Amino acid sequence: MVSVAIINLTKTYGTTAAIKDLNLEIKDGEFFIFLGPSGCGKTTTLLCIAGLLKPDKGEVWLGNELVTSSERDVYVTPQKREVAMMFQDYAIYPHMTVFNNIAFPLEVRGEDKSEIVKRVTATANLLGLSQLLDRKPRQLSGGQRQRVALGRAIVRKPKVFLLDEPLANLDAKLRVKTRTDLKKLQRELGVTTVYVTHDQVEAMTMADRIMVQRDGVTEQIGTPEELYNHPANLFVAGFIGSPEMNFTDCTLIKEGARLWLDAREFKTPVPTQVAPKLESYVGEDLIMGIRPEDLYERKSVKGSTQKNALRMTVDIIEPVGPYLLLHLRKGRCSLVARVKHTTARVGQEVDIEMDPSKMHIFDKKTAKAII
Amino acid sequence: MRFPKPRRVTLYILLVFFAFLFLLPLWTCITTSFKPVHDVIYTTPVELPLSPTAEPLITALNIMQRPLLNSFTFTISAMILSCLLGSINGYILTKIRFRGSDTVFLFFSIGIFIPYQAVLVPLVLTMSKLGLFNHIEGLILTHTAYGIPITTLLFRNFYGVIPNSLIMAAKTDGAGTWTIYRRIVLPLSLLPFVVAAVFQFTSIWNDFLFGVALARGSEAQPASVALANLRGTTEFQWNVQMAGTLWYALPVLVIFFVLGKYLMRGYMAGAVKG
Ligand SMILES: Nc1ncnc2c1ncn2[C@@H]1O[C@H](COP(=O)(O)OP(=O)(O)OP(=O)(O)O)[C@@H](O)[C@H]1O
Ligand SMILES: [Mg+2]
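Chain order of the listed sequences is U and G.
In terms of numbering that gives the first Met the number 0, the first sequence has 269 at position 270, counting the first letter as 1, and numbering is strictly consecutive.
In terms of numbering that gives the first Met the number 0, the second sequence has 180 at position 181, counting the first letter as 1, and numbering is strictly consecutive.
Treat the hints as calculated values from the structure; they're not laboratory data.
The structure presented is a predicted model; accordingly, all values stated were derived computationally and were not measured.
All clues stand as given, with none of them false.
Residues of chain G clear of chain U, computed beta-carbon distances all greater than 10 Å:
| no. | residue |
| --- | --- |
| 1 | L10 |
| 2 | I57 |
| 3 | L60 |
| 4 | V103 |
| 5 | A117 |
| 6 | L152 |
| 7 | G159 |
| 8 | L208 |
| 9 | R215 |
| 10 | L229 |
Partner residues aside, some chain U positions facing chain G, computed with beta carbon under 8 Å:
| no. | residue |
| --- | --- |
| 11 | A49 |
| 12 | L51 |
| 13 | P77 |
| 14 | V82 |
| 15 | A83 |
| 16 | F86 |
| 17 | D88 |
| 18 | Y92 |
| 19 | F103 |
| 20 | V107 |
| 21 | R108 |
Short, incomplete list of chain U residues facing chain G, as computed with Cβ under 10 Å:
| no. | residue |
| --- | --- |
| 22 | Q78 |
| 23 | Y89 |
| 24 | A90 |
| 25 | E106 |
| 26 | R151 |
| 27 | R155 |
| 28 | P157 |
In this text, a Cβ means the ideal position worked out from N, Cα and C, and glycines have one as well.
Can you make the complete structure from the sequences, with help from the hints?
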């Protein structure tokens, strides 16, 4: 159980940079998630931590031990790192039974026969594999293979778990259950865990902290709440949250002492508490973001638009569980609002109001969040 | 009743014709082996013997016994050695890799294309210097060395298909290079081992040139050379020659019958997702 530190890590394959200058500190016992779209360098980062890949530049520390440094020519082999990794393609040994697969790391370490049987049995019970111990991998379903791979990683007590999309292939129900089990297990063992996923719901529910990656670059590191409530840029804002945050192009204008966001179809005042931060952007193009659950429907009053409300046409109504998603349109502006119930029908107009304190504003040029 | 399509029929006729053509020498070899001298003269080779006898087979075996044993000894030893070394080479060239491993592989590939004749003189000189001329050990060494390039190529291509993540998983599980080879790579290599073994067995067993150059007329003489000598010593005994040929061809035929199905079989099912 150690912390993991990554300093200036860079890895290039030919001309594609898989990781660019990554800096990261994962705390002892933390459940840390790499979140990002396919090809953003998540697996590559894990391989560097495990020592299966030598980076072009940078250092990796496990606790107080420097395990990789291209500058200082330090390289500790994966066998000596006490890191357990579960691979994206499972990589279970096709010629061994489930039992032997899970037992392999213990056998290689020369554990006692009885101890091996005890621990493999316990792990198999935990993962619901007890009935399958004599099977060969080709006799297993995708989800069962995944659990074997997970079992092989957790059967020993390593310093760090590296889990590469461990739940990707499970059906929805089993995924939710395994998610909880895994999280509980990690709490109990207290093993520092680095977990890769491109499923943001998984990341939000399991992580202590999340790093959002894109094209080898870190977009933001923070707790799930921080990422959700204070996304650092447009990418994170759009990547996290489902349905996605609404974005609208707008211009910041000043009328008298008051700042307004002008989106052509509508105009909304900037809340006074954030106004000072925006003062310098007057006249510039900005992007306003608002999450679907921060939009409300107001009972429309015939003939006139309510104050601060936007009258929009309902395009589609999508029921998702206890909520309804209203797809709204006005001119070139379209929004999605998440509401509990509505009296509106498709094609009708509704008045939409937003909570200004929940508004996100991004600089269009840099894509960075201003508030 | 459904009639097969004309194209099919033509295909089958052609296949049967060619199979017949290829099997004809074997057939004459078998019939002649069971013929006494009289029948050899008075029947065509294709015909069955008039009064079948095992005499030629026994005579031939008496002469060929020792050479056949020699051939077995060095063929099997060199086959095992070249397969094992080729497998280790293939593993290192694909899964360990090192600076210049591609260049090393290039040299191995060149080794495949060196004709036997080109190395004959230096080979004989080297073997006599080593004191291995006219010794079985010399033949083992030569055939092993000559087999390594092709087995290396074969194993390298096969190991290229074993997912790297399997090797990486074994590394994080704590297995060292040799343990990974023994516990992961080797058990997955049944198929290439069968292919390489069959290939090596036939080409070493059938070799004549190295045998003649390194052990002609000696105690260590291989069966291929002894077979050629059958003609020289006992003139025009076609039946004995054919019987000798039959003895000589038997092991290779048996191997193909027994192991043929393995040559067809895939062995990697279930290794990775999907
Ligand atoms: N062995 C390799 N050779 C060349 N390019 C590679 C290699 N491995 C990865 N890459 C490239 O590096 C980038 C990062 O790959 P990586 O496997 O880390 O992505 P990832 O975030 O794990 O994606 P996914 O979610 O699809 O698994 C990709 O653009 C990929 O094409
Ligand atoms: Mg990946």
